[in-house]
Amino acid sequence: MEPIRGEILGYKYIYIGSRNSYTLLLLHGTGGSEEDLVPLARAIDPDAGILSPRGKVVENGMHRFFRRLAPGVYDLDDLRYRAEELGDFIEIASHQHGFDRSRLIALGYSNGANIAIATMLLRPGSMAGAILIRPYFPVDLGVKPDLKGKEILITAGEKDPIAPLGSVLELGEKLKALGASVELKVIAADHGIVRSDIETIKTWLPKTYEKIKGKPGKPDPSSLADIY
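For the sequence shown, the residue numbers in my numbering are 1 to 228.
Since the hints were derived computationally from the structure, they do not count as laboratory data.
Be aware that one or more of the hints could be misleading.
Simulated crosslink set (BS3-like; lysine-lysine; CA at most 25 Å straight-line) [as the list claims (entries may be wrong)]: (1) Lys148 x Lys159; (2) Lys174 x Lys207; (3) Lys148 x Lys213; (4) Lys144 x Lys202; (5) Lys185 x Lys202; (6) Lys174 x Lys159; (7) Lys148 x Lys176; (8) Lys56 x Lys148; (9) Lys185 x Lys213; (10) Lys56 x Lys12; (11) Lys176 x Lys211; (12) Lys174 x Lys144; (13) Lys176 x Lys202; (14) Lys185 x Lys207; (15) Lys159 x Lys202; (16) Lys144 x Lys211; (17) Lys211 x Lys148; (18) Lys159 x Lys144; (19) Lys174 x Lys148; (20) Lys185 x Lys174; (21) Lys207 x Lys176; (22) Lys211 x Lys174; (23) Lys148 x Lys202; (24) Lys185 x Lys159; (25) Lys185 x Lys211; (26) Lys159 x Lys211; (27) Lys176 x Lys144.
For each label pair, taking beta carbons as the anchor points, the in silico distance ranges come out as [stated by the list, open to error]: (28) Ala43 x Ala188: 37 to 47 Å; (29) Arg67 x Glu35: 30 to 40 Å; (30) Glu2 x Gly166: 28 to 38 Å; (31) Gly98 x Val194: 30 to 40 Å.
For glycine and all other residues, C-beta sits at the position ideal for the given N, C-alpha and C.
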């Protein structure tokens, strides 16, 4: 299918329809764009749909999904705002393009993984699960949603200086405590994406499709009337 380019709530994005009823929400890292993770998604599952927004926050000329006050220090107010906004974007896009949010899986790298976590915590009805590559989420948003039924894969870099392994392991335990099904794989890598990440995701994804297939989607509590 040919890519559709559009803009919703200020997010410039690419949408490609699904051939297998599943859609991957691609969330790039700092300095990336809506184009960055498309080849990765195609390598992982060429039949999945793609929804790939560009982060709206610009830091030193680089696009991100939320503000930070310093490296590793997040602006929590902006993080909450952007996560809610991304949830609105997903909801509007699902109505506009006709994909099922109960079969939407986020695939986020670095900053994109972090906004995926925040969105799942604040708007759990936005997605069925997430693939989190090199996440670093050392903050508490003050919410404890029920994540039962959410499928999460985390790939951590054994020698990652940006997302230290200990913090990623702690994140995995926190998500499990909220009811999510979490698989965590430690990769012999630093912060960059390597072949082992791709192979791990390719193994995990078909199993996850089977788990979420037929699960009824939970309605998002937000109202489209309010969004528009």
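Hints, verified against the model:
no.	hint	verdict
1	Lys148 x Lys159	violated (31 Å)
2	Lys174 x Lys207	holds (23 Å)
3	Lys148 x Lys213	holds (15 Å)
4	Lys144 x Lys202	violated (30 Å)
5	Lys185 x Lys202	holds (13 Å)
6	Lys174 x Lys159	holds (22 Å)
7	Lys148 x Lys176	holds (9 Å)
8	Lys56 x Lys148	violated (30 Å)
9	Lys185 x Lys213	holds (24 Å)
10	Lys56 x Lys12	holds (8 Å)
11	Lys176 x Lys211	holds (17 Å)
12	Lys174 x Lys144	holds (10 Å)
13	Lys176 x Lys202	holds (22 Å)
14	Lys185 x Lys207	holds (15 Å)
15	Lys159 x Lys202	holds (22 Å)
16	Lys144 x Lys211	holds (23 Å)
17	Lys211 x Lys148	holds (12 Å)
18	Lys159 x Lys144	violated (30 Å)
19	Lys174 x Lys148	holds (13 Å)
20	Lys185 x Lys174	holds (16 Å)
21	Lys207 x Lys176	holds (18 Å)
22	Lys211 x Lys174	holds (21 Å)
23	Lys148 x Lys202	holds (23 Å)
24	Lys185 x Lys159	holds (13 Å)
25	Lys185 x Lys211	holds (19 Å)
26	Lys159 x Lys211	violated (32 Å)
27	Lys176 x Lys144	holds (12 Å)
28	Ala43 x Ala188: 37 to 47 Å	violated (20 Å)
29	Arg67 x Glu35: 30 to 40 Å	violated (23 Å)
30	Glu2 x Gly166: 28 to 38 Å	violated (44 Å)
31	Gly98 x Val194: 30 to 40 Å	holds (35 Å)
Hints 1, 4, 8, 18, 26, 28, 29 and 30 from the list above are not met by this structure, while the remaining hints are.
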